[in-house]
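Please construct the entire structure, taking both the sequences and the accompanying hints into account.
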Amino acid sequence: MPERKVIVEAEVGLHARPAATFVQTAAEAPVEITVARPGGEPVNAKSILSILALDVRHGEAIVIRADGDGAEQVLDRLAAIVSGP
Amino acid sequence: MTTVLAPVTGSVVGLAAVPDPVFAEGLVGPGTAIDPVRRPGRVLAPIAGVIRKLHPHAYVVVGAGGRGVLVHLGVDTVQLHGEGFRLLVAEGRPVRAGAPVVAWDPAMVEAGGRSPLCAVIALDAPPGAVRPLVAAGPVRAGTGLLSWDAGC
Numbered sequence: 001m002p003e004r005k006v007i008v009e010a011e012v013g014l015h016a017r018p019a020a021t022f023v024q025t026a027a028e029a030p031v032e033i034t035v036a037r038p039g040g041e042p043v044n045a046k047s048i049l050s051i052l053a054l055d056v057r058h059g060e061a062i063v064i065r066a067d068g069d070g071a072e073q074v075l076d077r078l079a080a081i082v083s084g085p
Numbered sequence: 001m002t003t004v005l006a007p008v009t010g011s012v013v014g015l016a017a018v019p020d021p022v023f024a025e026g027l028v029g030p031g032t033a034i035d036p037v038r039r040p041g042r043v044l045a046p047i048a049g050v051i052r053k054l055h056p057h058a059y060v061v062v063g064a065g066g067r068g069v070l071v072h073l074g075v076d077t078v079q080l081h082g083e084g085f086r087l088l089v090a091e092g093r094p095v096r097a098g099a100p101v102v103a104w105d106p107a108m109v110e111a112g113g114r115s116p117l118c119a120v121i122a123l124d125a126p127p128g129a130v131r132p133l134v135a136a137g138p139v140r141a142g143t144g145l146l147s148w149d150a151g152c
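Chains A and B supply the protein sequences, listed in that same order. No gaps in the numbering here: position 63 of the first sequence is 63 in my numbering, and each next residue is one more. No gaps in the numbering here: position 12 of the second sequence is 12 in my numbering, and each next residue is one more.
Note that these hints are calculated values from the structure, not bench results. Only true hints are included.
List of simulated lysine-lysine pairs, DSS-like, C-alpha gap at most 30 Å: (1) A:Lys5 with B:Lys53; (2) B:Lys53 with A:Lys46; (3) A:Lys46 with A:Lys5.
Cβ pair distances, simulated, as ranges: (4) A:Asp67 with B:Arg86: 43 to 49 Å; (5) B:Gly137 with A:Gly39: 49 to 55 Å; (6) A:Glu9 with B:Ala111: 29 to 35 Å; (7) B:Ala16 with A:Ala61: 34 to 40 Å; (8) A:Val43 with B:Met1: 24 to 30 Å; (9) B:Gly112 with A:Glu41: 34 to 40 Å; (10) A:Pro42 with B:Leu87: 24 to 30 Å; (11) A:Gln24 with B:Arg42: 32 to 38 Å.
Note that the coordinates shown come from a computational prediction; the quantities given were computed from them, not determined experimentally. Every residue gets a Cβ at the ideal spot worked out from N, C-alpha and C, and that includes glycine.
The structure is reproduced here in structure tokens:
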């Protein structure tokens, strides 16, 4: 399954605006997308509750996985959000 | 249907009044905001459930059917690193609706140059699923603030 491992660069971590933008972008894609800490339990990338509960801090790595048509493109967009300041 | 209680006493001003576009534009989800009375107080659990995530300035309670409600105390208050906030429960603990979760002083937040507006968000709710029980004006902590329709 296509995946991206990225470091969260936003000072606030995957919270507030980065989290909202991430979930909104994921929700628009017609494929299943998950997020996990490396080796951790994957959660639904389209759920703001799941992402806030995952509580990823600045400097932490996450693995984003997607499967299906357009998976590579949506992974690129999500990776760009996470690795942006 | 889930009734979401007001976590603080104050005046309902709506999300659009929050001076943070992430909330004001509804990016985090539908909900409302309360301008809290400027006195030290305890912030309550908006629904019965489990404290899924607890920060000094924000917490999420997950209730029946996996519905999560976010309470966010003030704008940019993450920068305070917990100063002026006291946690009254532990993350992962069950709470009843209206139970105290955090103690804070909105006047102190405001004195530090930040808005003390308290945002209450129905996480992952479609926009039409959430109705205000108090659209604007006075609200007392622990009374009905939002109604979250069944099945959404």
